[in-house]
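Mind docking chain B on chain A? Use the hints.
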Amino acid sequence: MPGMTPIRPDDAHSARAWAAFVAADHAASAPPSLEARVLLAAQAALAQKQRAEGEQARRRWFASFSAIAATVLAAAAWSLAPRSVGPAPSPTSASSRAVSTTAARPDTGPGAAVEAIADEPAGRPVPMTNIEAGRVLAMPPHALLASRPLFHPEDGTGPIRAPGWLRAKAFGAPVVEPVAIARSHPATPNVVSPAPVTTAGAPPLATSPALAGTAPEAWSSRGLKPVFDPETGDIAPPAPVHRLDQAMPATTPREDPPAPPK
Amino acid sequence: MSTLFATRGAEPGDVTLLGDATRGDLDAFATLYRRHQQRVFRFARAMTGSNDAAEDITQEVFVVLLTDTGRFDPARAAFTTYVYGIVRNLSRHRVRRERTGPPVEDLMRDGRDIDVDEDPSRLVEGAELAGAVRRALLSLPSRYRELIVLCDLHDLSYEDAAAVVGASVGAVRSRLHKGRQLLRLRLARVREAHQMSGEYRQVRCPA
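These protein sequence lines map, in sequence, to chains A and B. Heads up: the first sequence is residues 1 to 262, going by this note's numbering. Heads up: the second sequence is residues 1 to 207, going by this note's numbering.
Bound conformation, chain A alone (with noise of 0.2 Å):
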């Protein structure tokens, strides 16, 4: 049990040091000196906390006043900036810049966008931030839509396709020239190996103007086996039938050299 002292009774000596003990605990006191401290130090932690909380409440404002400021400066640079675009990209103003650039005016011509581009200096430009590209593809400027059309200008759905054909086969293909085959069996006819047959499925990659200018490497025997084009109708090439009477005869095996004399 609380205060039950933890001596036996029967150890008188034990329990007469307890009672020394217990009387001269309860008998002591700090000093009456240690108020006047303690109340010295408290008047000192007292003042330097409210020095503590002063500077940071000062702190905070100072933040909230810069901020408010800086939302001002911008606005006002904003509101004072000229029709188009800055001709010194500096840091300071970037941000009014990015500003005047991406609001859409509506009695801004294309012309004087595309000129206002044209006047910005070579050098690395001012890279735009995610907010000011947010508002750049939702609100893109005309002046840049009509000299870079990304859509069909007729039914203005799908994006303009580029012009070009695509390609059957790799640049990197190995290139194989047909060559004819000399009669070398009575037996067998005078086969001549065809020309390339062209397939009606066969995309016409030697009559593409596009590309009749490349490389003659790039064409080779490959061409036997068309990409399949489904829009055109047409039913897939059948596969080549390769007969044994066509086939090229075997050469003859060369003759072993005679035997040297033992």
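Keep in mind that the hints were calculated from the coordinates and are not lab data. Remember, predicted model here, so these are calculated numbers, not experimental data. Check before you lean on any hint, since a few could be wrong.
[Unchecked claim] Here are a few chain A residues that face chain B, going by a calculated C-beta distance under 7 Å:
#1 Ala15
#2 Trp18
#3 Ala20
#4 Asp25
#5 Ala41
Cβ atoms here follow ideal geometry from the backbone N, Cα and C, with glycine treated the same way.
For chain B alone, coordinates are given in the frame of chain A:
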């Protein structure tokens, strides 16, 4: 929780005094100090074994009370428990930092004036006995010592002591039992040593 320091009559409560002191009322702080300084000083003295360290800890406790008022939650513990917890932490920190044996000699002076009418031999004997118990108490591990001081000297309940040391009531009971056993053993050794020294003194200095 302990209601030892509850508001008595028209006297303001500890929490009220603390709030006033935090707002700069030094009179409220002085009242709070006078109300708790003795227990704070006694607990720190019993834990550190030094009067000087107890004074320093007492000052530090009241400064912490004044500056870190946000850490006290009246819903969690009583103000007394909170104060005892601060004293305990500061005492342990002080003992760990100094790493020196407690100067028991200065504790022979118990902070009270000597009564000239009292028998000097009884005074000396009482001081010796109290010093022997204090020495035995300071030789205990701190987890036993703090509970003996709180429960047997400061009359705290098991629940309040458990809240101060941050343990369960069962752990407090177990530690208290073991601490009392250890204290009894140490006191027996001290008594044996005292008897042996008395016999030695009688042999060396016969009357």
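Hint check:
The criterion of a C-beta within 7 Å of any C-beta in chain B is not met by alanine 15 (chain A), whose closest approach is roughly 10 Å, and the hint is violated. Hint on tryptophan 18 (chain A) holds. Least Cβ distance to chain B is approximately 6 Å, under the 7 Å limit. For alanine 20 (chain A), the shortest C-beta to C-beta distance to chain B is roughly 4 Å, which falls under 7 Å, so the interface hint holds. The restraint placing aspartate 25 (chain A) at the interface with chain B holds, with a minimum CB-CB distance near 6 Å, inside the 7 Å limit.
Interface hint status for alanine 41 (chain A): upheld, as the beta-carbon distance to the closest one in chain B is roughly 5 Å, under 7 Å.
Violated hint: 1 only; the structure is consistent with all others.
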